[in-house]
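Peer 1: Letter by letter, the chains look like this.
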Amino acid sequence: RKMWGLTARDDERDTEDALGETFDVNAVEAPVSGNFTFPNPPLGLQPKGFVNAHFGPGSAAKSLQFRKGTTTLAFVYEPLTENDVGGIIVAVDSRASAGEYISSKSVMKILDVGDHMVATMAGGAADCQFWCRSVHKYCNLFELRERSTITVSAASKYFANVLYGYKGQGLSVGSMVAGYDKRGPQIFMVNSEGDRSLLKVCSVGSGSLNAYGILDTYYQPKMSDEEARKLGRRAIMHATYRDAGSGGVCNMVHITPTKKVRYPGVDVSKLWYEFADEIGRDIAYDPRDD
Amino acid sequence: WSFYFVQMTLKYDAKHDPLGQMRAFKTAYADVEENPDWRSARLIERQRWNPYSMEGGSTAAVAGDNFVVVASDTRMTAGDINVINREVDKIHALSDTIVLTTSGFYGDVLQMRKLLETHLHKYRFDYRSNMTVDLCAELLARNLYYRRFFPYYTGAILSGIDEHGKGAVFSYDPIGCIERLQYSASGAAEPMLIPFLDCQVGHVTLSENSDRPKLTLERACALMRDAFRSCAEREITTGDSIHLVIAEAGKPVRHERRKLRED
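Here the protein sequences line up with chains A and B, keeping their order. Be aware that the first sequence starts at 1, since it is given in the working numbering, and climbs by one per residue. Be aware that the second sequence starts at 1001, since it is given in the working numbering, and climbs by one per residue.
Hints are computed from structural coordinates only; laboratory data are not their basis. Any given hint could be a false lead.
[As the list claims (entries may be wrong)] Simulated crosslink set (DSSO-like; lysine-lysine; CA at most 27 angstroms straight-line): (1) Lys1214/B to Lys1251/B; (2) Lys222/A to Lys182/A; (3) Lys270/A to Lys1214/B; (4) Lys1122/B to Lys137/A; (5) Lys105/A to Lys1166/B.
All chains should be modelled from the sequences, with the hints used to inform the complete structure.
Peer 2: Below, the structure written as structure tokens:
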């Protein structure tokens, strides 16, 4: 019914709930799983077009547009020497823009989904926060019920299935579920279009093309821990340099076989000066004319 | 079945412009998606239904070590032109530790406030103690998202004193993206208030080595008054008076009002 819009019986449906009883139930009671449906606009209006018309670009609500997040990346690597640990590096920027206005420069885009898994946020910020919380809740219930940890594959499959249920309704989620389980380190990219792919190197967001440039150039399957961290930071820095929608600080998480390590955020302009020093480049762009 | 009746409205020459056929197909497909055959004139009329309107005004909040200062103007406008009320309360103190302030469509603001008050009341009944601002913040984020497909037209800021006695400010987008910050602003003058607060409270223009002035309650109140006074000069829907609400750890909530420009 949602997909095909108005049917012949929709006229009577409008008057069924004249007192707004179902609306009150949905608004005030906490939704019970299975009983909850998102309230849609009345008159048979499709939610995607309605939300786009009133909150999208070109609408009257300039500062009330939804926050969108931008460059995220993750890659799997193996340890080079005995001193290294290997695992997954997940690096993100921290800018959220509402239209052209930067509504926040300190968003945390790496969200916990389990004790040994994280999910990143790209696309709609509220959508990612809500659905990642929902997946986290599912993972917790799974572990309590089955008494064993959930695999990254199962968690990302659940995530993809939930998103597929809302396909076409205007959700915007581009998330990477990354974690270490009995099958080793895995990264699954999950999409609000219903896409789910297992990848070793992945980047999502408006600055992802810039990040891929750096990742493709410098990625090696075997790296030391220090090299891997530096690669993550370098890719984010280059993405924020050339993409207007990315910026802020670079947050990073290193998922090892035994634990998740969160690194404190580093301002991307500081990163720029560090990397420029490394290659002996001055801050002014000065192409020589020899 | 509708595929066979699609009209290729764009002319294309398959021999000299092979991509033209693709372009024509894409435009025809997009056209059918936008204007399906089964949509009657009555349905097109319904698409123009707009339940929202912006009532203007702006709000801001700053958190300190053990206090929170929330400020707003008190003007309500209709369509950016008429001033319909000069003494509107945009800050709602839900308890001694939770203060909600929003800008946007006033109907949705009132509904949101009623929803939060109901939840706070229910929490007190269930658990026999008052809800803390951290829990209320997550609750508001969830409730905003439950309306993902028919959103509340509001930019909400929830502030208060958290369970450790520190000031907390949570800012939201209309569908509930939550973030805890030291300061936040929302409303028509948000692009003017945030740079001011970035400079005076976030100290982004100072170098790392320089001294930063301490954010005391007096400094926070003075900054808020200055911020709104300067916004009223340059923003048409902000003005009439400043309403300040100060929540301190262990004290009841205080209200303060000062006159602003009425033009």
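Peer 1: Can you name, in rising order, the numbers of the hints this structure does not satisfy?
Peer 2: none
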